[in-house]
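Spelled out from the first residue to the last, the chains are:
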Amino acid sequence: MMRIALFVALVILAIIAPFFVYPVFLMKVFVFALFASAFNLLLGYAGLLSFGHAAFFGTGSYITAHALKVWGFPFEMGLLAGVVASTALGVLFGLIAVRRLGIYFAMITLALAQMMYFVYLQAPFTGGEDGIQSVPRGTLLGLVDLRSDLNLYYVVLAISLAGIFCIYRIVKSPFGQVLRSIGQNPDRSVSLGYSISTYKLAVYIMSAAFSGLAGALLVVVFQLASLDEVNWHMSGEVVLMTLVGGVGTLLGPIVGAAVIVTLQNYLAEVGQWVLVIQGSIFVIIVLAFRKGIVGELSDPESWLRTTLRRVGMRSPGPGPSARPGEAVDLGQARQPVRSGD
Amino acid sequence: MENNYVIETRGLTKEFMGFRAVEDINLKVRRDTIHAMIGPNGAGKSTVFNLITKFHQPTAGQIIFKGEDITRDRPAALARKGLVRSFQISAVFPEMTVLENVRMARMRKEGKPYQFWRSLTTLHPLNDACLELIDQVGLSEYAHVSAAALPYGRKRALELATTLALEPEVMLLDEPMAGLGSEDIKRISALIRRVAQGRTVLMVEHNMGVIADLSDVISVLQRGRVLVEGDYETVSKDPRVIEAYVGTGGD
Ligand SMILES: Nc1ncnc2c1ncn2[C@@H]1O[C@H](COP(=O)(O)OP(=O)(O)OP(=O)(O)O)[C@@H](O)[C@H]1O
Ligand SMILES: [Mg+2]
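So the protein sequences, as listed, match chains A and B. Residue numbering for the first sequence follows the working numbering, starting at 2 and increasing by one per position. Residue numbering for the second sequence follows the working numbering, starting at 0 and increasing by one per position.
Since the hints were derived computationally from the structure, they do not count as laboratory data. Fair warning: this is a prediction, and the values are worked out from it, not measured in the lab.
Pairwise CB distance ranges (calculated):
| no. | chain 1 | residue 1 | chain 2 | residue 2 | range |
| --- | --- | --- | --- | --- | --- |
| 1 | A | LEU151 | B | GLU131 | 56 to 66 Å |
| 2 | A | LEU50 | B | HIS123 | 25 to 35 Å |
| 3 | B | ARG117 | A | LEU305 | 36 to 46 Å |
| 4 | A | SER303 | B | GLU131 | 29 to 39 Å |
| 5 | A | TRP233 | B | ALA147 | 30 to 40 Å |
Derived lysine to any residue pairs resembling SDA-like cross-links, with alpha carbons at most 20 Å apart:
| no. | chain 1 | residue 1 | chain 2 | residue 2 |
| --- | --- | --- | --- | --- |
| 6 | A | LYS173 | B | TRP116 |
| 7 | A | LYS173 | B | SER118 |
| 8 | B | LYS80 | A | ASP188 |
| 9 | B | LYS108 | B | ASP72 |
| 10 | A | LYS173 | B | HIS143 |
Quick reminder that beta carbons are idealized off the backbone N, C-alpha and C, glycines included.
Sequences are here, hints too, so could you generate the full structure?
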């Protein structure tokens, strides 16, 4: 299959990449690719738009940071602690949210996530505005020193890919098939005997777990857990990444994460204008790539046709020319910049 | 109790914000019959379906399925007990192929759907049975076409095949012929007649030819109430029924 080949090519590229591009930047891309993939599991297949995924991402970050720094957990156990905590939170929130439909689901997940924001703002262990700083990275299995960015790079790459692979397997399983059916026609799923709330809860928890893993990895990369990860901006960003890349596709969230993280790094120097530029790009993408970059490019012919028609219908002049295939020059993005503002 | 009746409703009533869409319906559906429900638009037929299948919660009344009170059941649980419905507006999974659609029903029946760690190839053993059903509804050549690409009549046929894949004891079909051409109607009629052997079918339909042809018992609904009940002979000659249809300009 074309897509598999593309995926393999990307993996090979990822292995040689840190010799050309700043590894911390790349690790940030991987972490967000995992986060967006976890989010996409929910939106792209079960059709659930969560607007509170920062809660899981942030919980993964804070708990892992605390476990590594204060409890002195080894690297692996630190990650595990973050994942367990975000999974547990996923169970709790899922039980509350999963029966709500459409916009109410988005609203309740947002409300719950805001609650967590205030919890983390107030809780003594999170360090409030300062966050948890200088988190030790530790070693992998007591063997590989992760203070080296290059060593850490391969570990983060492997874990992110493993996470994304698990998500892929879930999507391509009988369970994933049920999720797709629920996303496409929930009433029909019910009438076939599927208790859809149970499936929604299950996938919500899975999504929370992988989001927590992403948050935990971010902490190890930047050695910092902060309110940025639980802020509602973060929930919005993961929605953006997924939509930009292509919801309901395997590569979409990965591409979306790469595009958005790259943009943020490029645009870091223009300060407040980041949001404006990011917003404009989002508008262009919504207009030119309704199904996201990957969604549209998987059928380039039809994309070209509809885009030309749309441009032609609006104005005879030169339309917005988003260059889809243009590779982003990662080499220029030397400054790793934390997301958020 | 009366084991003769598969579905029984007692005083079934549904209000939507003060508006009584369905009022005091006492329906008795006999085992292994085709029971039709007819009536003008807005009479409450689909609402009765929604109540019986528990997609809506009744305001008052009771629903009995095979002697068991199911008034408090959840719709998915009911489907698992063998009471399966179709929808007035065609209900398929648009981004799945015809085969995948039917397999959605089959895999639930075979108890595979929680397996998130297995690959989709675990479902391949189900394909043969599904393809046979697809063949029965005349969709063989479309088996690997996505449901969204089917013409309307074919979607209805697909829906029926999906429902049949559950091998339900009772089927509730909401206007299975709506929007179909006469060829499709003939084929689907024959199919319903065939699959109704050893099954109970409760069916809403506007096409009187189909009703006359298929049904054993007919309940006529008007403004949320049962107006007349009986076989086609009785019902079609009843002046109140003629009045109801002429009066509202229904067909
Ligand atoms: N969810 C709902 N909320 C409010 N009113 C409803 C709802 N569902 C149905 N109704 C109302 O209940 C009445 C009965 O509707 P229903 O769909 O059961 O009619 P029907 O007999 O199936 O008609 P048709 O032949 O057009 O399908 C209508 O007046 C309709 O507007
Ligand atoms: Mg109706």
